[in-house]
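Asks: Here is what each chain is made of, one letter per residue.
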Amino acid sequence: MTRLRAEDLTLAYEKRVVAERLGVQIPDGSFTVIVGPNACGKSTLLRALARLLRPREGTVYLDGDPIGALAPKRLARRLGLLPQSPLTPEGITVGDLVARGRYPHQSLLRQWSREDEAAVTEAMEAVGVTGLADRVVDELSGGQRQRVRLALVLAQRTGILLLDEPTTYLDIAHQIEVLDLCARLHEEGRTLVAVLHDLNHACRYATHLIAMRGGEVLAEGPPAEIVTAELVERVFGLPCRVIADPETATPLIVPAGRRRTLTAENL
Amino acid sequence: MRVLRAGALSLRWEPRAAVVCGVLAAAAIGAAVLVVGSGEFPISPPDVVRAVLGQGDRATGFIVTALRLPRAVTGLLAGLALGLSGAIFQSISRNPLGSPDLIGFTTGSATGALLQILVFGGGAAAITAGSVAGAVLTALAVYLVAYRRGGGVHGVRLVLIGVAAAAMLEALNSYLITRADLREAYEAAFWLTGSLNGRDWDQAVPLALALAVLLPAALLLARPLGMGELGDDAAQALGVPVQRTRALFIAAGVGLAAAATAAAGPVPFVALAAPQLARRLTRRPGPQLLPAALTGAALLACGDLISLHLPVAVPVGVVTGVLGGVYLAWLLSTTGRKGTT
Chain A
384 MTRLRAEDLT
394 LAYEKRVVAE
404 RLGVQIPDGS
414 FTVIVGPNAC
424 GKSTLLRALA
434 RLLRPREGTV
444 YLDGDPIGAL
454 APKRLARRLG
464 LLPQSPLTPE
474 GITVGDLVAR
484 GRYPHQSLLR
494 QWSREDEAAV
504 TEAMEAVGVT
514 GLADRVVDEL
524 SGGQRQRVRL
534 ALVLAQRTGI
544 LLLDEPTTYL
554 DIAHQIEVLD
564 LCARLHEEGR
574 TLVAVLHDLN
584 HACRYATHLI
594 AMRGGEVLAE
604 GPPAEIVTAE
614 LVERVFGLPC
624 RVIADPETAT
634 PLIVPAGRRR
644 TLTAENL
Chain B
1002 MRVLRAGALS
1012 LRWEPRAAVV
1022 CGVLAAAAIG
1032 AAVLVVGSGE
1042 FPISPPDVVR
1052 AVLGQGDRAT
1062 GFIVTALRLP
1072 RAVTGLLAGL
1082 ALGLSGAIFQ
1092 SISRNPLGSP
1102 DLIGFTTGSA
1112 TGALLQILVF
1122 GGGAAAITAG
1132 SVAGAVLTAL
1142 AVYLVAYRRG
1152 GGVHGVRLVL
1162 IGVAAAAMLE
1172 ALNSYLITRA
1182 DLREAYEAAF
1192 WLTGSLNGRD
1202 WDQAVPLALA
1212 LAVLLPAALL
1222 LARPLGMGEL
1232 GDDAAQALGV
1242 PVQRTRALFI
1252 AAGVGLAAAA
1262 TAAAGPVPFV
1272 ALAAPQLARR
1282 LTRRPGPQLL
1292 PAALTGAALL
1302 ACGDLISLHL
1312 PVAVPVGVVT
1322 GVLGGVYLAW
1332 LLSTTGRKGT
1342 T
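Sequence order for the protein chains is A and B.
All residue numbers for the first sequence refer to this note's numbering, where the first residue is 384 and numbers rise by one.
All residue numbers for the second sequence refer to this note's numbering, where the first residue is 1002 and numbers rise by one.
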């Protein structure tokens, strides 16, 4: 049994069909990463899993229920999403922004329970932004802002987190910082589903990899088992070599050189 | 932030926002009392209050309740409605320029009223109906043009299409006035500046009814509206029915702007300035609906008071226009500076 799965999805924007008869299962407790070239439908699939996009055909199931039938707040108590480019209300402080993650647990007569307070404190501690609580979000660095965003989703206290390109616009150090944080959240027992651009990051952090091209899943499984030079060429059209990452022994993709290759002379 | 808890019940409130609301309400009512006391026959504030409460002598009572109170009440209510409508549209469009007077709704309302004054020769009730119909039709047209299948309505699109609609309607309004004879053109031009002169209960009562329904409804739904400022995807992922909330608030905001314009004419800048001032006064992010409404009431009442005490007769719309223009210049210069640093 998997909590989150999709069957026979046809996904389309207005006239452009992105994927047909697409099916995926997100293994419980996995850190699933979806990779693929631009416009392969990976973000569209994530949007469908989060019910931001209504599939033209097919169904996404959460705990056996079609997610289309769940009340919005009920869905939001089970499944959280970090969108690709969220907006920040002008002048909002870190504490106020993270507190908004409690919305699905609140109502007109239950505006700020002790549980809300505890969840926000815990979420800010988990990503290390407790000291920034009273700072205005606009004034933070990109890496800090992304951590605050993660805290907002964590405050939602859902077992499943969907992350749409959580490392875009960040420099390399902050990318690793955010991914390390995601790995820790996964180790604590959450199911994570992320769309990532960087294949090497995906291989290093994913426990389950889904490789897509042209709206189809070409391969899925643990990166060490499925990532080969042949697969990368099939998915991205990129000639390459796959070696063992010297740090983690996970697959490391080295694109084939065009202008300078290793020969006996320049060695 | 303070929290009141009792069992499963928990309510949030902001001490600063509460104080700001109290001060704004006091300022608005104070200015309204002074407005009622102003005129050829001045009445002291205590006598005004006594007359409103049904005490004091009959002559004063008549002047206050029959002649001057409708004007002051219309001003307060129109200010509330414009402030609230402005806060709603600025939140939906996520843009301080997304206020109903800039995105065509009050212009459309004016077109409806002008058609009644100039073409059909209607009376006060017809002008009210015309201005409401004008606002609603304009809003409907802008909403439909901005609507995208599957994606709904996005804030920036709404503003851009609204600005285009406003420009076209503005041209139509000018054309209507050039076609009119002198007396009608004067009446129309006077209506277009926004004025509280000669308001009676016929104008105040429909506006009061609209507010009695829409103000509490808006306050109850304020939280999902504010969540929309996180972006559509984030808000939806947090369980906010984004498009439904937006459609409801557009309907409420149009209703408020239309009712206010029908009663007081297209008073400029109150809807634009009040929400921004309220935000700075309360120092809170988000729509701040009640503070914005009260700021609108205070602005309009103070504007009316100033217009009554100027040496030449000036309608309130000119006063708020001048105040608003100065404010807008200040707003643009400060945000511009913030953008460059």
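Hints are supplied without guarantee of correctness; some may be wrong.
As the list claims (entries may be wrong) - Simulated coverage check for chain B against chain A, where a stretch passes if three residues somewhere in it have a Cβ under 8 angstroms from a Cβ of chain A:
hint	stretch
1	1002-1012
2	1223-1234
3	1239-1249
What the hints assert, rightly or not - Partner residues aside, some chain A positions facing chain B, computed with beta carbon under 8 angstroms:
hint	residue
4	ARG399
5	LEU458
6	ARG461
7	PRO469
8	LEU470
9	PRO472
10	GLY474
11	ASP479
12	GLY484
13	HIS569
Claimed, not checked - Cβ-to-Cβ under 8 angstroms is the rule here; a few derived chain A residues that face chain B:
hint	residue
14	GLY447
15	ILE475
16	PRO487
17	LEU491
18	GLN494
19	GLN539
20	ARG540
21	GLY542
22	ILE543
23	ASN583
Think of the hints as simulated: they come from the structure by calculation, not from any bench.
Glycine included, each C-beta is placed from N, C-alpha and C at the ideal position.
Asks: Taking each numbered hint in turn, which are not upheld by the structure, reported in ascending numerical order?
Replies: 4, 6, 13, 14, 20, 21, 22 and 23
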